[in-house]
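Chemist: Sequence:
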Amino acid sequence: MHREIHRLTARLRSLRRFGLDLCRGHVVDAETHESSYIGRLGLLDTEGNQLLVDWRSPSAEPYFVATQANPMGLARRRRYRWTRGRVSDYWDEVFTAEELEGENGEHRLAALDDHSAFMASLGSDRSHRMRDVLGTIQADQDAIIRAGSRGALVVDGGPGTGKTVVALHRAAYLLYADALVGSHRGGVLFVGPHEPYLAYVADVLPRLGEEGVHICTLRDLVPEGGSAALEDDASIA
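Sequential numbering from 61 applies to the sequence shown in the working numbering.
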């Protein structure tokens, strides 16, 4: 009983972290024509039916990486833009000839590529805090986010190319998908250059459903300046 209360309390606390923009979009299966709604987290109704698919789950991957060349079984994809708790715009992308025909044989006005939502995001209002990019993740970014946890992964690029935001999404993904990383034996450490930088990115991980990532600067890990000393343990050094 106490364990169930603890689980429900933790779940309620998790839900309270999010705004109203839980659902980022939906996809339509080309064979079954069933819709799946992609969310910041997974949600079931009282009967166990899937209301939202967690963006990190394997079944959500086509939402991020399907293309005309490889639709991954999708007939259509829709991305939402949220403004003050309401859907203010959306973009449809179709992957089959049938989906180009709307109801009553009318031609559907829909994009044939995945750039519409991304281009619209470039014109959104700037913020003093970094935002997540669940609505506009591109296929190459998703490949980095979902890469395996074995070995080192180096992402190189110039300023403003999205390295930090992709790294934060990857941290949230690993905590969800990798049992060792997400367990008490593992974990994720995010190291930034200075405190203002950490304050700038502080909202991203909670908005992605994770608060268990340790965030710090190099100064928090090792002493600097006059307080620095030699490290006797070679494995730590």
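Source of the hints: derived by calculation from the structure; they are not laboratory data.
One or more of the hints may lead you astray.
Unchecked claim - Pair by pair, the computed Cβ-Cβ distance ranges are:
id, residue 1, residue 2, range
1, Thr92, Glu255, 41 to 51 Å
2, Leu278, Thr127, 31 to 41 Å
3, Pro253, Glu158, 21 to 31 Å
4, Ala203, Cys276, 24 to 34 Å
5, Glu255, Ser95, 28 to 38 Å
6, Arg76, Gln128, 16 to 26 Å
7, Ala294, Arg146, 56 to 66 Å
8, Gly79, Ala259, 34 to 44 Å
9, Glu158, Tyr257, 23 to 33 Å
10, Ala262, Val215, 34 to 44 Å
11, Ala203, Arg63, 17 to 27 Å
12, Ala203, Ala259, 24 to 34 Å
13, Tyr260, Met61, 39 to 49 Å
14, Glu158, His188, 25 to 35 Å
Claimed, not checked - Below, in silico cross-link-like pairs of lysine to aspartate or glutamate (DMTMM-like), each with a Cα-Cα straight-line distance of 25 Å or less:
id, residue 1, residue 2
15, Lys223, Asp89
16, Lys223, Glu107
17, Lys223, Asp81
18, Lys223, Asp238
19, Lys223, Asp200
20, Lys223, Glu158
21, Lys223, Glu255
22, Lys223, Asp202
23, Lys223, Asp192
24, Lys223, Asp292
25, Lys223, Asp293
In this text, a Cβ means the ideal position worked out from N, Cα and C, and glycines have one as well.
Chemist: Against each hint, give a clear statement of whether it holds in the structure.
Modeler: Hints, verified against the model:
| no. | hint | in the structure |
| --- | --- | --- |
| 1 | Thr92 with Glu255: 41 to 51 Å | holds (50 Å) |
| 2 | Leu278 with Thr127: 31 to 41 Å | holds (39 Å) |
| 3 | Pro253 with Glu158: 21 to 31 Å | violated (51 Å) |
| 4 | Ala203 with Cys276: 24 to 34 Å | holds (28 Å) |
| 5 | Glu255 with Ser95: 28 to 38 Å | violated (44 Å) |
| 6 | Arg76 with Gln128: 16 to 26 Å | violated (40 Å) |
| 7 | Ala294 with Arg146: 56 to 66 Å | holds (57 Å) |
| 8 | Gly79 with Ala259: 34 to 44 Å | violated (20 Å) |
| 9 | Glu158 with Tyr257: 23 to 33 Å | violated (48 Å) |
| 10 | Ala262 with Val215: 34 to 44 Å | violated (21 Å) |
| 11 | Ala203 with Arg63: 17 to 27 Å | violated (38 Å) |
| 12 | Ala203 with Ala259: 24 to 34 Å | holds (29 Å) |
| 13 | Tyr260 with Met61: 39 to 49 Å | holds (43 Å) |
| 14 | Glu158 with His188: 25 to 35 Å | violated (45 Å) |
| 15 | Lys223 with Asp89 | violated (32 Å) |
| 16 | Lys223 with Glu107 | violated (40 Å) |
| 17 | Lys223 with Asp81 | holds (24 Å) |
| 18 | Lys223 with Asp238 | holds (21 Å) |
| 19 | Lys223 with Asp200 | holds (12 Å) |
| 20 | Lys223 with Glu158 | violated (38 Å) |
| 21 | Lys223 with Glu255 | holds (18 Å) |
| 22 | Lys223 with Asp202 | holds (12 Å) |
| 23 | Lys223 with Asp192 | holds (12 Å) |
| 24 | Lys223 with Asp292 | violated (34 Å) |
| 25 | Lys223 with Asp293 | violated (32 Å) |
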